[in-house]
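**Q** Each chain, written out:
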Amino acid sequence: MRWLFLGQTKVRIPTDWRIPVAVGARQRRLDPTCMLAIVMAAWSILAPARSGAEERRPVPVLPGHTFQSAESQRLQNDDGANPGMLWVEQGAALWTAPAEVSGKSCASCHGDAAQSMKGVAARYPAVETQTGRLLNIELRINQCRTANQGAPALAWESDALLGLTAFVSWQSLGLPKTVHIDGPARPFFEAGRTFFAERQGQLNVACTLCHDDNAGRRLRGDLISQGQTEGWPAYRLEWQKLGSLSRRIRACSMGVRAEILDFGAPEYLALELYLAWRGEGLALSSPGVRR
Amino acid sequence: MAITRIVCPTAAKPGDVIEIKTLIQHHMETGHRRDDIGNAIPRDIVNELAVTYNGVEIFRAELQPGVAANPFFAFTTTATETGDITFTWTDDRGVKTVERRRITVG
Numbered sequence: 001m002r003w004l005f006l007g008q009t010k011v012r013i014p015t016d017w018r019i020p021v022a023v024g025a026r027q028r029r030l031d032p033t034c035m036l037a038i039v040m041a042a043w044s045i046l047a048p049a050r051s052g053a054e055e056r057r058p059v060p061v062l063p064g065h066t067f068q069s070a071e072s073q074r075l076q077n078d079d080g081a082n083p084g085m086l087w088v089e090q091g092a093a094l095w096t097a098p099a100e101v102s103g104k105s106c107a108s109c110h111g112d113a114a115q116s117m118k119g120v121a122a123r124y125p126a127v128e129t130q131t132g133r134l135l136n137i138e139l140r141i142n143q144c145r146t147a148n149q150g151a152p153a154l155a156w157e158s159d160a161l162l163g164l165t166a167f168v169s170w171q172s173l174g175l176p177k178t179v180h181i182d183g184p185a186r187p188f189f190e191a192g193r194t195f196f197a198e199r200q201g202q203l204n205v206a207c208t209l210c211h212d213d214n215a216g217r218r219l220r221g222d223l224i225s226q227g228q229t230e231g232w233p234a235y236r237l238e239w240q241k242l243g244s245l246s247r248r249i250r251a252c253s254m255g256v257r258a259e260i261l262d263f264g265a266p267e268y269l270a271l272e273l274y275l276a277w278r279g280e281g282l283a284l285s286s287p288g289v290r291r
Numbered sequence: 292m293a294i295t296r297i298v299c300p301t302a303a304k305p306g307d308v309i310e311i312k313t314l315i316q317h318h319m320e321t322g323h324r325r326d327d328i329g330n331a332i333p334r335d336i337v338n339e340l341a342v343t344y345n346g347v348e349i350f351r352a353e354l355q356p357g358v359a360a361n362p363f364f365a366f367t368t369t370a371t372e373t374g375d376i377t378f379t380w381t382d383d384r385g386v387k388t389v390e391r392r393r394i395t396v397g
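Taken in sequence, the protein lines are chains A and B. Under our numbering, think of the first position of the first sequence as 1, with each following residue one higher. Under our numbering, think of the first position of the second sequence as 292, with each following residue one higher.
A couple of the hints might just be wrong.
[Unchecked claim] Once the Cα atoms are required to be at most 20 Å apart in a straight line, the calculated EDC-like pairs of lysine to aspartate or glutamate come out as:
1. A:LYS118 <-> A:ASP79
2. B:LYS304 <-> B:GLU372
3. B:LYS387 <-> B:ASP327
4. B:LYS312 <-> A:GLU89
5. B:LYS312 <-> A:ASP78
6. B:LYS387 <-> A:GLU89
7. B:LYS312 <-> A:GLU71
8. B:LYS387 <-> B:GLU348
9. B:LYS387 <-> B:GLU353
10. B:LYS387 <-> B:GLU339
11. B:LYS304 <-> B:GLU353
12. B:LYS304 <-> B:ASP335
13. B:LYS304 <-> B:GLU339
14. A:LYS118 <-> A:GLU128
15. B:LYS312 <-> A:ASP79
What the hints contain is simulated information worked out from the structure, not anything from laboratory work. Everything numeric in this text was worked out from a predicted model, so none of it was measured.
Full structure from sequences and hints, please.
**A** This is the structure we're talking about:
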């Protein structure tokens with residue numbers, strides 16, 4: 001048995017409550033149109049205020065795909081059918097494409113990505129030593145384009161940047177997520193942790209309320225996961241394309257009617273670092289497939 | 292030329308049944324949607340995938356609006372002889388995407 005806090009009420013629920021099939025069968029399906037707002041409003045009134053940011057990770061840490069349908073999981077695991085692989089292919093082509101001005105491709109400096117990029121995505125976000133900036137993998141790739149390749153930065157969410165990100169991440173497939181949170185990374189980590197626990201938006205709920213307290217429960221057609229990041233960039237069937245982790249987080253901001261921050265906003269970067277730590281050890285599985 | 296992904300064995304024995312999987316990156320615009328100012332967005336879908344094996348057609352699909360973006364097809368065929376399997380996708384604008392895979396049979 002474990003305890004679930006819904007408002008002041010302590011509810012006893014069986015330990016297997018996170019298992020999608022069992023939960024799906026037990027939980028009543030919410031009405032898709034208005035239940036979100038009602039449930040969120042109820043939570044925000046009833047849920048006891050969290051005492052700032054605690055250092056906690058879900059136990060056990062579960063990858064995002066375990067909360068997806070069997071069909072999505074099958075798609076994700078079949079790299080001949082996973083539509084996200086189209087972006088990996090696109091990234092592979094860009095890897096060897098020479099930049100207009102310098103004539104250099106990623107491969108001119110980095111050679112075979114299977115070797116040079118192995119494990120790289122698993123270590124990001126990371127602080128760039130020279131500048132002290134926190135970079136996620138997209139920013140790191142763009143940084144390399146502008147500083148080393150003499151090419152313009154690629155736009156957020158462009159197929160080219162998604163492709164390179166997916167291709168670089170693919171080289172870490174199956175490797176465990178491990179990020180540095182100490183030293184220069186510490187303030188970013190703290191900021192991410194605080195943001196994750198802060199109530200926000202018109203619905204006045206925090207990330208933690210869904211992704212810690214209510215993981216495994218249904219919300220509209222979704223089974224709420226732990227909000228892990230090992231599957232990103234992922235192909236979302238709703239988007240009908242690959243999308244970045246930033247886009248996913250923006251969708252959650254929109255879901256709670258909070259301010260949707262810009263791609264690359266410091267708050268989101270800090271969140272990405274915190275989320276990576278929270279899911280430390282999860283095997284990278286990008287491109288994930290999500291509902 | 293659109294981006295594609297093809298999973299197809301490079302070698303087989305004569306008589307082997309082989310599975311081929313294909314994906315193509317395409318927005319599959321249905322023609323039923325309108326843009327922000329109300330103009331109809333013209334239909335633009337991949338309307339056909341044809342596959343030949345040493346020139347002989349082994350698979351053909353005609354696609355309709357309503358097929359999700361980035362269409363996927365899987366099919367099987369029998370490996371007969373060494374040669375080229377050629378994939379041709381055609382979209383409404385007449386753009387053809389052609390890919391070739393070599394299979395060694397023996």
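**Q** Now, for every hint given, state plainly whether the structure supports it.
**A** Status of each hint after checking the structure:
no., hint, verdict
1, A:LYS118 <-> A:ASP79, "holds (18 Å)"
2, B:LYS304 <-> B:GLU372, "holds (9 Å)"
3, B:LYS387 <-> B:ASP327, "violated (30 Å)"
4, B:LYS312 <-> A:GLU89, "holds (14 Å)"
5, B:LYS312 <-> A:ASP78, "holds (10 Å)"
6, B:LYS387 <-> A:GLU89, "holds (18 Å)"
7, B:LYS312 <-> A:GLU71, "holds (17 Å)"
8, B:LYS387 <-> B:GLU348, "holds (17 Å)"
9, B:LYS387 <-> B:GLU353, "holds (14 Å)"
10, B:LYS387 <-> B:GLU339, "holds (10 Å)"
11, B:LYS304 <-> B:GLU353, "violated (30 Å)"
12, B:LYS304 <-> B:ASP335, "violated (40 Å)"
13, B:LYS304 <-> B:GLU339, "violated (30 Å)"
14, A:LYS118 <-> A:GLU128, "holds (19 Å)"
15, B:LYS312 <-> A:ASP79, "holds (10 Å)"
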